[in-house]
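Participant: Kindly generate the complete structure, drawing on both the sequences and the hints.
Position one of the sequence shown corresponds to residue 4 (this note's numbering), numbered consecutively onward.
Careful, some of the hints might be misleading.
Claimed, not checked - In silico DMTMM-like links for lysine to aspartate or glutamate, alpha-carbon gap of 25 Å or less:
#1 Lys-107 <-> Glu-96
#2 Lys-51 <-> Glu-65
#3 Lys-51 <-> Asp-61
What the hints contain is simulated information worked out from the structure, not anything from laboratory work.
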Amino acid sequence: MATATRLIQRFRNFLAGRDLQAKLALRYDEISKRTQPPPRLPVGPSHKFANNYYCSRDGRRESLPPIVVATAQKTIAAGAQAGSSGSAVTTAEKKPVTPGPVLKKWEISKDQPYL
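Facilitator: Spelled out as structure tokens, the structure:
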């Protein structure tokens with residue numbers, strides 16, 4: 004409405020039945036205070052005065068994977084079975100499961116070879 008001429012503003016005010024420019028800057032009732040209290044943030048890895056480089060400010064980069072201190076369980080080697088330590092047990096390999104019946108092989112008709 005600031006770009007409209009005075010004639011257009013008055014015409015608009017007449018059609019609206021009130022002054023539209025009266026509360027243009029204060030259209031919201033709840034205005035926050037201009038003096039805000041300082042935030043209460045917890046101290047973290049980025050609050051150091053020295054050695055606070057930009058690449059090391061991310062706290063996720065300082066985390067490491069968990070360290071295994073001791074294992075209480077015995078682990079099985081890959082490919083070995085728990086019951087057979089030295090015996091040769093042969094198992095038949097399973098074929099992959101396919102949904103539905105096995106499809107028949109499609110054949111090209113002999114009477115119309117160009118289709």
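Participant: Quick check: which numbered hints come out false for this structure?
Facilitator: Failing hints: none at all.
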